[in-house]
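For the record, the sequence lines run as chains A and B.
Heads up, our numbering is the position in the first sequence plus 107, with the first residue counted as 1.
Heads up, our numbering is the position in the second sequence plus 289, with the first residue counted as 1.
Derived from the structure by calculation, the hints contain no laboratory data.
Computed from a prediction, not measured in an experiment: that's the story for all the values here.
Among these hints, one or two may not hold up.
DSSO-like cross-link-like pairs, simulated, lysine-lysine; straight-line CA separation at most 30 Å [what the hints assert, rightly or not]: (1) A:Lys309 x A:Lys378; (2) B:Lys369 x A:Lys158; (3) A:Lys271 x B:Lys500; (4) B:Lys508 x A:Lys143; (5) A:Lys122 x A:Lys329.
Derived Cβ-Cβ restraints for the label pairs, each shown as a range [unchecked claim]: (6) A:Gly118 x B:Gly444: 50 to 56 Å; (7) B:Glu330 x A:Ile346: 56 to 62 Å; (8) B:Val446 x A:Gly177: 56 to 62 Å; (9) A:Phe196 x B:Asp373: 54 to 60 Å; (10) B:Gln482 x A:Leu192: 58 to 64 Å; (11) A:Gly194 x B:Ala461: 49 to 55 Å; (12) A:Leu312 x B:Arg403: 50 to 56 Å; (13) B:Ser457 x A:Glu298: 45 to 51 Å; (14) B:His455 x A:Glu144: 33 to 39 Å; (15) A:Gly177 x B:Ser454: 57 to 63 Å; (16) A:Leu388 x B:Lys369: 27 to 33 Å.
C-beta: ideal position from N, C-alpha, C; glycine also.
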Amino acid sequence: MSYKALAEIIGEADKEGKLFWEIILDEDCRESGTSKEESFRKMLYMYTAMKEADSNYDASARSASGMAGGDGKLLEEYRKQKNRLIGNFLTKVMEKAVKMGESNACMKRIVAAPTAGSCGVIPAVLITYEEEKKVSQDKIVEALYVAGGIGEVLAESAAISGAKGGCQAEIGSASAMAAGAIAYLEGGDNETIAHAAALALKNMLGLTCDPVGGLVEVPCIKRNVSGAVNAIISSQMAIAGIRSKIPPDEVIDSMRRIGSLLPECLRETGKEGLAITPTALGKLKFNDL
Amino acid sequence: MQLFDIIGPVMVGPSSSHTAGAVKIGYVARKLLGEPVKSAEILLYGSFDATGKGHGTDRALVAGLMGMNPDDARIPDSLKLACDQGIEIKFGSISLKEAHPNSVLLKLEGENRRLEIVGESLGGSIINIASIDGLSANFSGDYPTLIVHNNDQPGHVAEVTSMLSHKSVNIASMQLYREHRGGNAVMVLECDQEIPEQAIQWLKHLEGVEKVTYYSLNKEEKER
Numbered sequence: 108m109s110y111k112a113l114a115e116i117i118g119e120a121d122k123e124g125k126l127f128w129e130i131i132l133d134e135d136c137r138e139s140g141t142s143k144e145e146s147f148r149k150m151l152y153m154y155t156a157m158k159e160a161d162s163n164y165d166a167s168a169r170s171a172s173g174m175a176g177g178d179g180k181l182l183e184e185y186r187k188q189k190n191r192l193i194g195n196f197l198t199k200v201m202e203k204a205v206k207m208g209e210s211n212a213c214m215k216r217i218v219a220a221p222t223a224g225s226c227g228v229i230p231a232v233l234i235t236y237e238e239e240k241k242v243s244q245d246k247i248v249e250a251l252y253v254a255g256g257i258g259e260v261l262a263e264s265a266a267i268s269g270a271k272g273g274c275q276a277e278i279g280s281a282s283a284m285a286a287g288a289i290a291y292l293e294g295g296d297n298e299t300i301a302h303a304a305a306l307a308l309k310n311m312l313g314l315t316c317d318p319v320g321g322l323v324e325v326p327c328i329k330r331n332v333s334g335a336v337n338a339i340i341s342s343q344m345a346i347a348g349i350r351s352k353i354p355p356d357e358v359i360d361s362m363r364r365i366g367s368l369l370p371e372c373l374r375e376t377g378k379e380g381l382a383i384t385p386t387a388l389g390k391l392k393f394n395d396l
Numbered sequence: 290m291q292l293f294d295i296i297g298p299v300m301v302g303p304s305s306s307h308t309a310g311a312v313k314i315g316y317v318a319r320k321l322l323g324e325p326v327k328s329a330e331i332l333l334y335g336s337f338d339a340t341g342k343g344h345g346t347d348r349a350l351v352a353g354l355m356g357m358n359p360d361d362a363r364i365p366d367s368l369k370l371a372c373d374q375g376i377e378i379k380f381g382s383i384s385l386k387e388a389h390p391n392s393v394l395l396k397l398e399g400e401n402r403r404l405e406i407v408g409e410s411l412g413g414s415i416i417n418i419a420s421i422d423g424l425s426a427n428f429s430g431d432y433p434t435l436i437v438h439n440n441d442q443p444g445h446v447a448e449v450t451s452m453l454s455h456k457s458v459n460i461a462s463m464q465l466y467r468e469h470r471g472g473n474a475v476m477v478l479e480c481d482q483e484i485p486e487q488a489i490q491w492l493k494h495l496e497g498v499e500k501v502t503y504y505s506l507n508k509e510e511k512e513r
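Given the sequences, and given the hints that come with them, work out the whole structure.
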């Protein structure tokens with residue numbers, strides 16, 4: 108059985124005297140009947156696949172609709188400029204998030220985390236963290252268990268698909284998962300991990316899923332950037348000692364309620380919002396819509 | 290939901306439902322056919338039909354029919370690969386009654402066999418095979434699955450289940466459907482273990498059993 112609340116995971120960790128990520132590892136071993144080594148290897152494979160997808164980015168690739176591709180290269184070039192407003196770490200996070208989103212739109216191999224549409228958020232922050240902070244790959248894999256545990260609770264108690272909960276359930280979930288992972292890497296305790304996730308999710312509540320043409324391109328790709336950057340700032344707030352005034356599990360329940368109140372036209376149907384702007388409809392001739 | 294459904298799967302984009310799920314539908318269909326596909330008529334319904342092109346649903350389905358998995362980097366080129374191998378592919382649209390918005394009707398022909406299935410992509414690359422050869426079925430392709438078409442008469446369920454018990458195969462879920470009393474019936478059994486080949490052959494020879502289809506999780510394609 109998956110955990111239904113972050114408080115359950117933290118309670119279990121306190122009882123067992125274990126870390127957040129170890130509780131999720133134990134749970135996977137119980138659920139899938141594998142050894143700890145096998146589970147860890149599988150998670151390492153997921154991380155390796157994320158890194159492969161990142162380094163295989165093809166700046167010349169364009170999606171079938173023609174709307175997606177090439178923006179990752181622009182950020183890569185921008186990162187070389189000396190007079191940038193923001194630092195290297197954050198610029199790199201943005202670049203990797205766009206690249207992964209574009210690779211996904213261009214039918215490249217990616218890792219859904221939690222979904223294909225939000226596949227850029229977690230790798231963007233974790234790969235950048237490994238590269239810039241020089242931590243071990245194993246440590247990043249542990250952080251992926253933290254992200255996975257938060258994601259399981261979100262899937263069980265709220266939603267992780269745009270069709271069910273809107274974009275808050277996809278990019279919002281990915282952002283909350285990544286925020287918890289970074290909080291762990293930065294030495295945050297279990298409480299800090301949960302609050303980092305809550306702070307990230309709160310910033311994403313209400314976000315609708317209104318993709319142009321129903322495709323995972325506009326605005327999805329750039330939302331990966333905002334989800335990734337939001338994960339960083341939320342984890343930093345939590346590490347600084349800021350706490351979500353609304354407890355993390357109550358934030359998650361809010362996401363569920365908001366998701367079920369969103370009209371269908373704003374849940375991955377391409378029938379409202381950005382999807383029906385004159386420009387969006389003009390772009391769709393390729394698809395005989 | 291399992292941990293590696295959250296962090297994972299590794300897949301070719303852009304959509305878990307319209308791309309990865311579509312590959313899986315094709316893959317399961319190919320395995321159910323039990324031999325290489327020679328020709329396929331692919332009829333898309335609902336959102337598969339409306340947004341399939343932009344999501345690569347067409348290429349994903351064909352990739353699956355060729356035995357590729359959702360993480361196969363050759364998926365974007367599947368139409369060309371199929372053409373090179375002389376597989377005949379025809380696309381169209383269809384209106385299905387009470388179908389899931391992401392549905393496809395696949396009409397497949399191999400060297401010796403034909404198969405018609407309706408596959409639905411439920412989201413998050415989870416799929417459901419909704420019908421086989423016009424009769425209801427409901428299974429995910431996540432378990433070894435036995436599908437028996439038989440005449441609706443007493444004893445067939447007992448024959449099948451006692452065979453499974455004899456082979457120490459545990460049943461995870463079981464469904465029964467029939468057209469009408471005494472007509473065509475189908476049972477769909479999702480199992481925790483693989484069913485031995487000879488047991489499946491034995492079932493095929495039982496009186497009143499019209500067709501036995503077996504979906505194995507084993508990667509190696511074993512032709513029957």
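Status of the hints after comparison with the structure:
no.: 1; hint: A:Lys309 x A:Lys378; result: holds, 26 Å
no.: 2; hint: B:Lys369 x A:Lys158; result: holds, 29 Å
no.: 3; hint: A:Lys271 x B:Lys500; result: violated, 38 Å
no.: 4; hint: B:Lys508 x A:Lys143; result: holds, 24 Å
no.: 5; hint: A:Lys122 x A:Lys329; result: violated, 41 Å
no.: 6; hint: A:Gly118 x B:Gly444: 50 to 56 Å; result: holds, 52 Å
no.: 7; hint: B:Glu330 x A:Ile346: 56 to 62 Å; result: holds, 57 Å
no.: 8; hint: B:Val446 x A:Gly177: 56 to 62 Å; result: holds, 59 Å
no.: 9; hint: A:Phe196 x B:Asp373: 54 to 60 Å; result: violated, 46 Å
no.: 10; hint: B:Gln482 x A:Leu192: 58 to 64 Å; result: holds, 60 Å
no.: 11; hint: A:Gly194 x B:Ala461: 49 to 55 Å; result: holds, 52 Å
no.: 12; hint: A:Leu312 x B:Arg403: 50 to 56 Å; result: holds, 51 Å
no.: 13; hint: B:Ser457 x A:Glu298: 45 to 51 Å; result: holds, 48 Å
no.: 14; hint: B:His455 x A:Glu144: 33 to 39 Å; result: holds, 35 Å
no.: 15; hint: A:Gly177 x B:Ser454: 57 to 63 Å; result: holds, 60 Å
no.: 16; hint: A:Leu388 x B:Lys369: 27 to 33 Å; result: holds, 31 Å
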